[in-house]
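What follows is the residue order along each chain.
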Amino acid sequence: MTAETKARRRRGIRHPVALAVFLGPFTILFALFYAVPIGYAVYQSLLTVEREGTFGKATQVFGGLTQYVQVFQNEAFWSAVLRVLTFGIVQVPIMLGVALLLALLLDSPLVKGKKFFRLAFFAPYAVPGVIAAIMWGFLYSPKLSPFTAITGQVDFLGADLILWAIANVVTWVYVGYNMLIIYSALLSIPADIYEAARLDGASQARIAWSIKIPLVRPAITLTAIFSIIGTLQLLAEPQVFKSFSSAVTSTFTPNLAIYSTAAVPNVNLAAAFSVVLALFTFALSFGVLKYTQRKDNA
Amino acid sequence: MSTAVTRRGAVRESLLSRSAAMLVMLICAFYFLVPIWWLFVASTKDRSQFTTTNPLWFGDFNLFENIGTLATYRDGVFFRWMLNSVLYAGAGALLATLFATMAGYAIAKYAFRGREAAFNIILGGVLVPATALALPLFLLFSQIGATNTFWSVFLPSLVSPFGVYLSRIYATASVPDELLEAARLDGAGEVRTFFTVATRLMAPAMVTMFLFQFVSIWNNFFLPLIMLRDEDLFPVTMGLYVWNTQVSQIPEIRAYVIVGALLSIIPLIIAFLGLQRFWRNGLGAGGLK
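Line by line, the protein sequences give chains U and E.
Just so it is clear: in the first sequence, position 248 is 248 by this note's numbering, and no numbers are missing.
Each number in this note's numbering corresponds to the 1-based position in the second sequence with 298 added.
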């Protein structure tokens with residue numbers, strides 16, 4: 001074997017030391033804090049606790065899919081899933097619609113003071129979900145709100161509206177972030193693409209609809225996937241709203257159900273909830289990705 | 299003739315559309331800024347004026363007195379929380395950015411077996427949200443008796459799969475192979491080339507990664523909620539959350555929650571404003587692919 005073929009055959013590990021230095025830290029951390037926990041959650045979800053008598057010692061034994069049967073029979077969990085899905089079907093399109101509209105307006109020659117507006121819309125993203133929920137809790141309050149004229153009449157923190165009160169908090173925080181992703185995609189479209197359309201007398205709305213939106217579809221898909229993931233994982237905002245409203249139960253969202261189940265403590269069932277929720281989230285965002293890709297190719 | 303048509307079109311559009319567009323922008327600006335304005339105004343009032351004066355305008359300006367009482371309340375535990383958050387988010391994001399940049403760069407610039415498979419696994423990791431990992435991490439850390447420690451919140455935040463994704467795209471687009479070859483011919487080692495040549499070209503992507511990792515750690519709530527019992531280890535979001543649950547028993551704590559909320563968002567606003575010109579460019583790289 002000549003040195004050259006040897007070198008070619010070993011191409012897979014050229015610079016092995018450098019590769020180990022570059023990939024090592026991330027790989028180890030990814031394994032320890034992503035892969036292993038996921039595996040461990042799956043393992044825990046397959047166990048079940050047995051007791052010798054009511055006050056006997058508890059031991060964990062292999063229970064097969066016992067926990068998963070429990071998950072599927074757990075009405076509170078599925079009504080929590082249904083609740084966040086309802087939330088997502090309404091909130092995600094509104095949030096992304098507003099984000100897209102604002103991005104298109106910022107990108108059009110129609111508005112002045114773009115720098116100010118861009119910062120104003122993005123500012124709420126700097127407010128952590130917990131803090132945003134605390135703030136809005138005061139703003140919804142029938143006594144302390146600056147808008148008592150409204151909040152005195154409409155009970156935003158009651159059982160009927162609480163979900164949409166939370167939706168408003170999430171929208172408030174994330175519109176600017178999504179707008180910025182779409183806006184960056186718009187900025188990278190070369191301006192001469194619009195020349196022909198302008199010469200034909202096309203309006204800004206027409207250019208936006210026929211040229212800009214199709215070109216930023218990938219960015220919109222990305223924001224949609226992140227939003228779906230975020231919706232299914234809702235936790236901080238409803239957890240804070242528990243202090244303001246009795247309408248938020250301990251199983252209001254899937255993650256709240258997981259948290260309260262783990263606190264019982266019934267870690268095996270909580271682990272099974274986590275696995276089901278993660279698979280559900282993954283399937284849904286993967287589905288959206290595939291669906292939009294198919295539409296792009298069609 | 300065709301220019302006349304175009305110009306007439308343009309004029310008609312600017313008259314009607316411009317005012318409509320500006321109206322939309324102003325309404326939205328009002329919606330996004332009023333809550334922050336309210337928070338600022340509320341932070342400047344003393345307790346009696348909080349309920350008796352216009353919520354959207356100043357009474358007597360007591361902001362610094364309020365911060366002063368917050369600093370002494372319960373031995374200044376609030377500022378300990380702020381410090382904790384800066385440590386969790388600052389050091390965490392710094393290391394996460396370094397590790398993700400190196401990994402993404404290696405995947406972009408070196409051919410090795412299983413490269414695509416590794417990248418796809420990492421991409422799968424992007425779809426696994428931080429909250430989904432909180433309970434599994436808690437179970438794992440409790441196995442080794444390490445819950446309720448600094449490390450139980452800090453270490454998991456060092457992993458940024460999205461950073462690897464961003465870094466790979468950015469390295470492919472902005473670090474030319476010829477440059478790396480030239481550095482090799484000059485006798486520079488691979489690791490040195492990365493730190494002296496590649497990181498310079500990848501700086502905008504790295505700033506973006508740092509900022510977004512910083513924000514996601516600063517905002518992360520489930521992990522500290524499930525891991526930490528000891529108040530001294532709380533990040534600021536967790537501390538304010540606990541205070542907020544106590545408002546009904548201890549009414550004076552409400553003022554601390556409000557001033558604390560204002561102070562807790564200032565570092566993020568400064569980071570975003572200060573690094574603006576970097577992340578604006580970097581963000582597009584992730585969104586377009």
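Just so you know, not all the hints are guaranteed correct.
[Stated by the list, open to error] Derived lysine to any residue pairs resembling SDA-like cross-links, with alpha carbons at most 25 Å apart:
| hint | chain 1 | residue 1 | chain 2 | residue 2 |
| --- | --- | --- | --- | --- |
| 1 | U | K115 | E | Q347 |
| 2 | U | K115 | U | L19 |
| 3 | U | K114 | E | E529 |
| 4 | U | K114 | E | S317 |
| 5 | U | K114 | E | D528 |
| 6 | U | K242 | E | S546 |
| 7 | U | K112 | E | M320 |
| 8 | E | K407 | U | K143 |
| 9 | U | K242 | E | D528 |
| 10 | U | K143 | E | M320 |
| 11 | U | K114 | E | A318 |
| 12 | U | K115 | E | T470 |
| 13 | E | K407 | U | L19 |
| 14 | U | K115 | E | W335 |
| 15 | U | K112 | E | I334 |
| 16 | U | K112 | E | W335 |
| 17 | U | K114 | E | S546 |
| 18 | U | K242 | U | N266 |
| 19 | U | K290 | E | A428 |
| 20 | U | K242 | U | A76 |
| 21 | U | K112 | U | S188 |
| 22 | U | K114 | E | Q347 |
| 23 | U | K143 | U | K242 |
| 24 | U | K143 | E | S317 |
| 25 | U | K295 | E | I567 |
| 26 | U | K115 | E | Q574 |
| 27 | U | K115 | E | R552 |
| 28 | U | K242 | E | V505 |
| 29 | U | K242 | E | G412 |
| 30 | U | K290 | E | F348 |
| 31 | U | K143 | E | Q347 |
| 32 | U | K115 | E | F570 |
| 33 | U | K290 | E | G412 |
| 34 | U | K112 | E | F348 |
| 35 | U | K242 | E | S317 |
| 36 | U | K143 | E | G412 |
| 37 | U | K112 | E | S317 |
| 38 | U | K115 | E | C326 |
| 39 | U | K242 | E | N446 |
By construction, these hints were calculated from the structure, which means they are not laboratory data.
>> To test your reading of the hints: which numbers does this structure violate?
In response: Failing hints, ascending: 1, 2, 3, 5, 8, 10, 12, 17, 22, 24, 25, 27, 28, 29, 30, 34, 35 and 36.
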